[in-house]
Amino acid sequence: MGRLREKLVDEWGIDMADVPTALVAHEVAGLGTAISFGVFCYKVRPTAQLVAVSSMVLSEQRRLRLECWQHRIHQRMNDVMDRTLRVQSLFKPLPERYRPSSQRLAVALIESGLLRKALIPVLVPPK
Numbered sequence: 026m027g028r029l030r031e032k033l034v035d036e037w038g039i040d041m042a043d044v045p046t047a048l049v050a051h052e053v054a055g056l057g058t059a060i061s062f063g064v065f066c067y068k069v070r071p072t073a074q075l076v077a078v079s080s081m082v083l084s085e086q087r088r089l090r091l092e093c094w095q096h097r098i099h100q101r102m103n104d105v106m107d108r109t110l111r112v113q114s115l116f117k118p119l120p121e122r123y124r125p126s127s128q129r130l131a132v133a134l135i136e137s138g139l140l141r142k143a144l145i146p147v148l149v150p151p152k
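Position in the sequence shown (from 1) plus 25 gives the number in this note's numbering.
Calculated directly from the structure, the hints in this document are not laboratory data.
Note that CB positions come from ideal geometry on N, CA and C, so glycine has one too.
Any given hint could turn out to be false.
Said to hold, decoys possible - Computed spacing ranges between beta-carbons, pair by pair:
1) Pro71 - Ser114: 36 to 44 Å
2) Ile145 - Ala77: 21 to 29 Å
3) Ala47 - Gln100: 17 to 25 Å
4) Ile60 - Pro150: 43 to 51 Å
5) Pro120 - Ser61: 34 to 42 Å
6) Met41 - Ala77: 23 to 31 Å
7) Phe116 - Val34: 46 to 54 Å
8) Ile145 - Ala50: 15 to 23 Å
9) Val64 - Gly38: 30 to 38 Å
10) Ser114 - Asp35: 45 to 53 Å
11) Val76 - Ile39: 28 to 36 Å
12) Pro45 - Lys117: 13 to 21 Å
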């Protein structure tokens, strides 16, 4: 722990009292990113948009590859459905029209995870 403390204080100018604040800020940024990507994917539905655009723009081979990705996402959706049913109970107090669909919620969860993994090189340095 002594070498870490020396490195933080001497090289980076970080006081040990700042470390808990930095950890909290790091976790809040990560949670904010996860929630914002989840909401984005629930509203926009990126894979459905890509498949719709692919039929107009991409070649047949690339369109089939994209549809294969969408099929894989729907296969994984069954695993996630169990988890989303637990989350679904949080929305019971809401009126029926404001409750999210379990299937759409599961797809959004998978899509947001894929997007966050794909964007790690962009998202991690600012954190």
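Each hint, compared with the structure:
{"no.": "1", "hint": "Pro71 - Ser114: 36 to 44 Å", "verdict": "violated (27 Å)"}
{"no.": "2", "hint": "Ile145 - Ala77: 21 to 29 Å", "verdict": "holds (27 Å)"}
{"no.": "3", "hint": "Ala47 - Gln100: 17 to 25 Å", "verdict": "violated (39 Å)"}
{"no.": "4", "hint": "Ile60 - Pro150: 43 to 51 Å", "verdict": "violated (20 Å)"}
{"no.": "5", "hint": "Pro120 - Ser61: 34 to 42 Å", "verdict": "violated (25 Å)"}
{"no.": "6", "hint": "Met41 - Ala77: 23 to 31 Å", "verdict": "violated (53 Å)"}
{"no.": "7", "hint": "Phe116 - Val34: 46 to 54 Å", "verdict": "holds (47 Å)"}
{"no.": "8", "hint": "Ile145 - Ala50: 15 to 23 Å", "verdict": "holds (19 Å)"}
{"no.": "9", "hint": "Val64 - Gly38: 30 to 38 Å", "verdict": "holds (37 Å)"}
{"no.": "10", "hint": "Ser114 - Asp35: 45 to 53 Å", "verdict": "holds (51 Å)"}
{"no.": "11", "hint": "Val76 - Ile39: 28 to 36 Å", "verdict": "violated (47 Å)"}
{"no.": "12", "hint": "Pro45 - Lys117: 13 to 21 Å", "verdict": "violated (36 Å)"}
Hints 1, 3, 4, 5, 6, 11 and 12 from the earlier list are contradicted by this structure; the remaining hints agree with it.
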